[in-house]
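Participant: Residues per chain, in single letters:
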Amino acid sequence: MTKHSSRRIRWSFFVFFVPVFLWLFLLIVLPQIELLRMSFVGTDFYGESGFTLSHYWAFFSEPIYWLTFVRTAGYAILVTFIVLLVALPVSFFITKVANLKVTGFLMVLVMVPFWVSELVRVYGWMILLRESGVLNKFLVAIGILDQPVEMLYRDSTMVMGLVYTTMLFMIVPVVGVMESLDDSLIEAAHDLGAKRLTIWRTIIIPYCMPGIMSGSIIVFMLVLGSYLTPNLMGGKNSIWFTEQIYNQMIYYFNWNQGAAFGFLLLLLSSLLIWLALKITGQDWRKVIK
Amino acid sequence: MQNALSVENLTKKFGDFTAVNGVSFDVEDGKFFSILGPSGCGKTTLLRMIAGFYEPTAGLVKIRDKDMTAVEPNKRPVNLVFQHLALFPMMNVYENIAFGLKRRHEPDTQIKEKVGSILERVGLPEYSKKRIDQLSGGQKQRIAIARCLVLEPSVLLLDEPLGALDAKLREHMKVELKKLQTMVGTTFVYITHDQSEAMVMSDHVAVMNAGQFEQIGTPQDLYHSPNSSFVAQFVGNNNKLSAKVHKDESGTFFARYLDGRDYRVEGAIDLSEGDEYDMFIRPEAVLINPTKSETIPNTMNCDVKAILFDGGNSQLLVIPEGTDQELIVGLPQNKQFDYLKAKDTIQIGWNPGTAVCFPKTELKIYDEA
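Keeping their order, the protein sequence lines are chains P and U.
Here the first sequence is numbered in my numbering, starting from 1 and rising by one per residue.
Here the second sequence is numbered in my numbering, starting from 1001 and rising by one per residue.
Be aware that one or more of the hints could be misleading.
Unchecked claim - Straight line, CA to CA, 20 Å or less: simulated PhoX-like cross-link-like pairs of lysine-lysine:
#1 Lys1240/U / Lys1031/U
#2 Lys1075/U / Lys195/P
#3 Lys1102/U / Lys195/P
#4 Lys1031/U / Lys1178/U
#5 Lys1013/U / Lys1031/U
#6 Lys1240/U / Lys1305/U
Unchecked claim - Computed Cβ-Cβ distance ranges for the label pairs, DEER-style:
#7 Asp1133/U / Ile64/P: 46 to 54 Å
#8 Asp1194/U / Gly281/P: 41 to 49 Å
#9 Glu1008/U / Ala276/P: 52 to 60 Å
#10 Gly281/P / Leu1308/U: 54 to 62 Å
#11 Phe1053/U / Gly281/P: 26 to 34 Å
#12 Gly281/P / Lys1102/U: 17 to 25 Å
#13 Asp283/P / Glu1284/U: 40 to 48 Å
#14 Lys1102/U / Gly124/P: 45 to 53 Å
#15 Gly1274/U / Lys96/P: 49 to 57 Å
#16 Asp283/P / Glu1055/U: 37 to 45 Å
#17 Lys1112/U / Ile64/P: 53 to 61 Å
#18 Lys1102/U / Phe14/P: 54 to 62 Å
Keep in mind that the hints were calculated from the coordinates and are not lab data.
Only a predicted model underlies this, so the values are computations on that prediction, with no experimental measurement involved.
Note that the Cβ used here is the ideal one computed from N, Cα and C, for glycine as well.
Build the full structure now, drawing on both the sequences and the hints.
Facilitator: Structure representation (structure tokens):
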């Protein structure tokens, strides 16, 4: 009897495991291994290919490359912080202030923009913000501006676009944790003499830390790896690191260099996340839960 | 003696619903005051208004004769022990207790001293480094109270803090809490739906029903001389006998019970609003097979339906002859009544002074399944 049932469990395990394994292995692991191999392969003067670290070395020796990365990472951190600053009060409103009927509706409002593709959303922003766009027309019409101003292709516009496109990924995990926060903890802190800001600092934020960290990791990775928004909304002289990879692979047809950049992006962003977890003292397992 | 807390005509309305309706009371300094009522009677709303979480629709809350209307909860000299305690799970015991002191910006050495001494007082001196989830139910209880007491509030409010504990521990904590209150001398305002908690611990108890106070008094007052049908049923166990009250020529009142016989009633009864009454007799006031030497004017014959043995709280379930009402009779465990068996016929009796009568009401203290 037990033997029979254990065999059945194993059989059903394979039914679920095999597709997942094939999916991960064929579509993600295998191409990555090929890219990893490529990143270490170079051609010498005689056209002979062989093992080399020169693609990785190029990143550190050419300031344009690592400066691009630093700039990208810096903006990614900035965007993550802005997203967090907006998401905390929004999540608080959704979970604690709004009544139950409105909560569902508000969550739908948060999600609706994400039913539209990123490309369409960014073009929507461009219609609003470009020199002949809606906002400019409006501001000129009511007399705030004398003549239209180009609002696109600035770093501030790009940051705003990135905040907008990643907001959902912070709100969902933070709302998840905040829902389980007992209201009486907030009241108890208030009763014991804490002011509003102190309650946020000592009760709400520490309690929501796992949600905040997982949201931050998702937002940080999304921003770091995003291509469309920085490319379409950012300035022409401010290049995103993903654009460096794109340029290497498509313009210079240097797949080996592009692959090396890709892995450097993965390594360096993992390192930053590890650092962030260490600094905030969060347990990795708790955060991914 | 100074009043630690005075509540004057306090009212709270939620839309059309009146949760608390014109409640007034005073609590003297250092007393243990309980508000006893069934769930939904408005007692939590009342407590939250005193703590400052709800704004009263009308009325005043005064703490040590100071009007608290415009004072935020974090500035009031009262602290609330929450029903589910609301200890901060991300802090350890020390940080929980120090929370309020830190908000007052007291120096670190002073905080350390105060937390140490309050932990000593609640009997958990070695626990300052423990996490909250390492504590047992009773320990959490004491930490939650310590967290408030360390701030030396004028009044400590407690919102059914024993509700979540199991029965044995609850019995124990009742005594602990009373001892603690006597030791620290802080004024306690305690709300509960458990009449035994209120009776054991309190100096004064207010019985609350449907947003209003039915009666305020010492536990003994409430038990022996309830002033309404509700109090008679809610405080302690009571037998309810439906009866018609009438007066004879000499001015003595009699209650005609369902069995058709008249039983003497003490005191004057207002018969202007009909004669339908409920007569209440405490189980322990009923005597079993009263001997001839005792002059008991009220006796009736009953069939024993069951013996409910529960040690010192043992009771008899009896049915008076000619009725289908069930009565509960206290059964002393002094070997005197060991001969009683189910289906026996016995005589019971009581002194008129131990029974009270109130106009008939249809109120139910609890929902029968």
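Participant: Between the beta carbons of Asp283/P and Glu1055/U, is the distance compatible with 37 to 45 Å?
Facilitator: For Asp283/P and Glu1055/U the Cβ distance comes to about 42 Å; the hint holds.
Participant: Does 17 to 25 Å hold as the CB distance between Gly281/P and Lys1102/U, or does it fail?
Facilitator: Distance hint for Gly281/P, Lys1102/U holds at roughly 20 Å.
Participant: Lys1102/U and Lys195/P: Cα distance at most 20 Å?
Facilitator: Roughly 12 Å separates the two Cα atoms, so the pair holds.
Participant: Does Lys1075/U pair with Lys195/P here, judged by a C-alpha cut-off of 20 Å?
Facilitator: 10 Å, holds
Participant: Given the hint of 52 to 60 Å, check if Glu1008/U and Ala276/P actually sit that far apart at their C-beta atoms.
Facilitator: 55 Å, holds
Participant: Is the gap between the beta carbons of Lys1102/U and Gly124/P within 45 to 53 Å?
Facilitator: Roughly 48 Å apart at Cβ, these two residues keep to the hinted range, so it holds.
Participant: Regarding Asp1194/U and Gly281/P, is the given constraint of 41 to 49 Å on their beta-carbon distance met?
Facilitator: Hint holds: Cβ distance 42 Å, inside 41 to 49 Å.
Participant: How does the Cβ-Cβ distance of Gly1274/U and Lys96/P compare with 49 to 57 Å: does it lie in that range?
Facilitator: The hint (49 to 57 Å, Cβ to Cβ) holds, given that Gly1274/U and Lys96/P are roughly 52 Å apart.
Participant: Could you grab the alpha-carbon distance between Lys1031/U and Lys1178/U and see if it respects the 20 Å cut-off?
Facilitator: With a Cα-Cα distance of about 11 Å, the restraint between Lys1031/U and Lys1178/U holds, given a limit of 20 Å.
Participant: Are the Cα atoms of Lys1240/U and Lys1031/U separated by 20 Å or less?
Facilitator: 33 Å, violated
Participant: Is it true that Phe1053/U and Gly281/P lie within 26 to 34 Å of each other by Cβ?
Facilitator: 33 Å, holds
Participant: Under the criterion that the straight-line Cα-Cα distance not exceed 20 Å, is the pair Lys1240/U, Lys1305/U satisfied?
Facilitator: 17 Å, holds
Of the numbered hints given earlier, the model fails hints 1, 5, 13; all others are met.
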